[in-house]
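Asker: So you can see what is in the structure, the chains are spelled out below.
There are 2 protein chains.
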Amino acid sequence: MRQLNVELGERSYPIYIGEGLLDEVSSYFVKHGISQKSPLMIITDEKVAPFYLEHLTERLSAGGFKVVSAIVASGEQSKSLANLELLVTKALEGGLDRKSAIVALGGGVVGDLAGFVAASYMRGVKFVQIPTTILAHDSSVGGKVAVNHPLAKNIIGAFHQPEFVLYDLKTLQSLPDREVKAGLSEVVKHGLIWDKEFVDWCIANAGAMVSKQPEALGYALYKGCGVKAQVVSEDEKESSLRAILNLGHTIGHALEAVAGYNELLHGEAISIGMIGSAKLGVRYGASEDLLRVTALALESCGLPTRIPAHYDTDAILAAMMHDKKFSEGTVVFVVPVEIGKVEIKPDVPIQWVREIIEELKQED
Amino acid sequence: MRQLNVELGERSYPIYIGEGLLDEVSSYFVKHGISQKSPLMIITDEKVAPFYLEHLTERLSAGGFKVVSAIVASGEQSKSLANLELLVTKALEGGLDRKSAIVALGGGVVGDLAGFVAASYMRGVKFVQIPTTILAHDSSVGGKVAVNHPLAKNIIGAFHQPEFVLYDLKTLQSLPDREVKAGLSEVVKHGLIWDKEFVDWCIANAGAMVSKQPEALGYALYKGCGVKAQVVSEDEKESSLRAILNLGHTIGHALEAVAGYNELLHGEAISIGMIGSAKLGVRYGASEDLLRVTALALESCGLPTRIPAHYDTDAILAAMMHDKKFSEGTVVFVVPVEIGKVEIKPDVPIQWVREIIEELKQED
Ligand SMILES: NC(=O)c1ccc[n+]([C@@H]2O[C@H](COP(=O)([O-])OP(=O)(O)OC[C@H]3O[C@@H](n4cnc5c(N)ncnc54)[C@H](O)[C@@H]3O)[C@@H](O)[C@H]2O)c1
Ligand SMILES: NC(=O)c1ccc[n+]([C@@H]2O[C@H](COP(=O)([O-])OP(=O)(O)OC[C@H]3O[C@@H](n4cnc5c(N)ncnc54)[C@H](O)[C@@H]3O)[C@@H](O)[C@H]2O)c1
Ligand SMILES: [Zn+2]
Ligand SMILES: [Zn+2]
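So the sequence lines, in the order shown, correspond to chains A and B. Following the numbering used here, the numbering of the first sequence begins with 186 at its first residue and continues without gaps. Following the numbering used here, the numbering of the second sequence begins with 186 at its first residue and continues without gaps.
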């Protein structure tokens, strides 16, 4: 079992990563002072529930916890105000009070949704994350929680840190291959912004990760969470440094907005976005090697690096201009300088971005 | 002009109370660093808008601010997730970004709703309160913001402190008499829990307050906010002391739940609740004088002190048991010891409460 601490003063919390941690889940709940008198509510989705909900409920009940659970649909559309209302109904009916905890069992969708329920139910109750996707290593560190609005993703939310994060590597075995690869995109991102050695390790161990070898996944999640934790510790509310976590996301989010439903997973979109950022880095003077190694890391994880040719460049740019990272009219971009190091460029010429998007399409 | 500071570490903020402050509203916005580049959004209701929205918009625009505004229906039902979604739509359409501010112009309903929009839009933007009711002196201190759920009031919310509060006493002149009196209920409450001298002042100046004399209202709001600010400073997240602010609210909320729509205003319900609490105090050994002075203070402000006879006692008790102040099954009550001093009693016998509710009905 590996343990990692996210340092945030009195809101600090640990992340536990290991195989079979769900078996002893109760001891973690007891250790972290989750109430056994007040009911807790597990929120999960319809794909995760059949695999792990019964086991988790049984283990917690056996440990003396009162368990209520709620299952939402799988997928991004579940991050909605309608589900917030529904889950609050369940919480009230289940008798959850101020000392209750909300437990997220699932990927980033369940984590973000359950986290916002925890942040806003009675103005905030305890929150525990049990991530079951690789991508959720990202969403489980940092306390960003949110639901979507028809006009914008993650626009209604809060900062709400969990009490602790419990990563049982066994749960990753049921994860579809495409989701595994998409999750590795954020793992690689954490290397690209912070840790060259880890990028080298990812290239060397891509095969082991893609085939879900627990030892490789455990180390990857430990390192990925570790980078994110360091960044977040230094800048909890995203005033400056935390923005580097958005590497690849400016283009990535725009691609997601323009793509048809489920055409591109988030991790796939930011994989392409990170290639775009590397190209930008080269324009700003970085060595060609930056682009080569970035592409190698992503491709060895089976991730896409090109924009499908039928995507409209103007539509991508328009989507980008509505992105919330454009504060006070300036265009902010995270640009790599070398592998393991990025900079925030506040004034990237839109023309350059347009040209790079065209390149990313033509090389398809 | 009176000024008061709510001390909350780095979230501290001032409350300005005076006549005609809206005329110079821009200077306060500039002083507090509200962005002139990013648009701000004023949220108000349909009754307040005709009186003050144009003036406020004009003064802010003249001061160089970009102003968007949104008008919701008047009344408690506006504190809804549906309005949150609608206001986020307006905010996105109006181009609000992370540096934008949300401005509440109105009573507690607008303050709570706009505050929750500010707390959750992009995970939190700046918030300014311009209260236009007396009751809002209460809601504008402490940072509690929320919307309602069909099953429970204020159940979905956050703690989100404003940048500052601007109380223009002129805006109170248009407030209906019944709302004036209802607002004075919380003013008196602040005396009852903390400051005997201020209770005496309230009794002596009730007439001046009820007739909306600016000097009396200015002092009352200054003192009322002051008590609340002291309590909140010592306990921002309601772990202990802050609970004393709920004097009269356990019974009061139950009465609101049982009453027909608009039959009892919040201030009226808690006025009756405070009589109930005083009776409880006497049962616990306080002097009869406690009840006499409490009743005198509330009656001289024109507030009700009896439960209408047609209210069902069992329904009131049932509503009380669902109140969120009942944590982990124990019944918590704020009980006065003497004028200006209260205690939290964790285990008040339900039978006593039942008897007191009956008394409050029979003396009608
Ligand atoms: N809060 C943050 O800081 C942050 C950071 C990154 C991403 N996110 C959010 O995370 C979300 C994406 O996360 P995700 O990729 O985990 O999505 P997800 O939760 O939708 O999971 C992906 C898919 O895998 C299924 N699934 C999950 N665990 C499984 C398992 N163990 N076995 C089988 N199937 C399983 C899910 O039902 C879903 O169909 C997005 O909404 C994104 O906005 C948030
Ligand atoms: N956040 C907190 O700490 C806190 C504390 C106490 C109460 N509250 C909330 O405050 C709300 C009650 O506040 P309220 O009594 O101010 O209600 P309100 O906002 O509904 O205002 C009362 C009525 O007066 C009208 N009005 C407001 N200002 C006016 C003016 N200047 N001239 C003419 N009409 C005017 C409104 O349109 C409304 O009809 C409740 O929702 C309660 O939950 C919150
Ligand atoms: Zn991401
Ligand atoms: Zn009140």
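Just so you know, these hints were derived from the structure itself, not from any lab. Treat the numbers as computed from the prediction; the structure is a model and nothing was measured. Incorrect hints may appear among the rest.
Which copy? The list can't say, so a pair holds if one copy fits it or any two copies do.
Restricting the straight-line Cα-Cα distance to at most 35 angstroms, the calculated cross-link-like pairs of lysine-lysine (DSBU-like) are [claimed, not checked]:
#1 K355 <-> K546
#2 K530 <-> K275
#3 K526 <-> K275
#4 K381 <-> K275
#5 K284 <-> K526
#6 K526 <-> K232
#7 K355 <-> K530
#8 K251 <-> K355
#9 K216 <-> K526
#10 K222 <-> K530
#11 K275 <-> K216
#12 K216 <-> K530
#13 K381 <-> K251
Asker: Hints broken by the structure, by number, lowest first?
Answerer: 1, 3, 4, 6, 7, 9, 13
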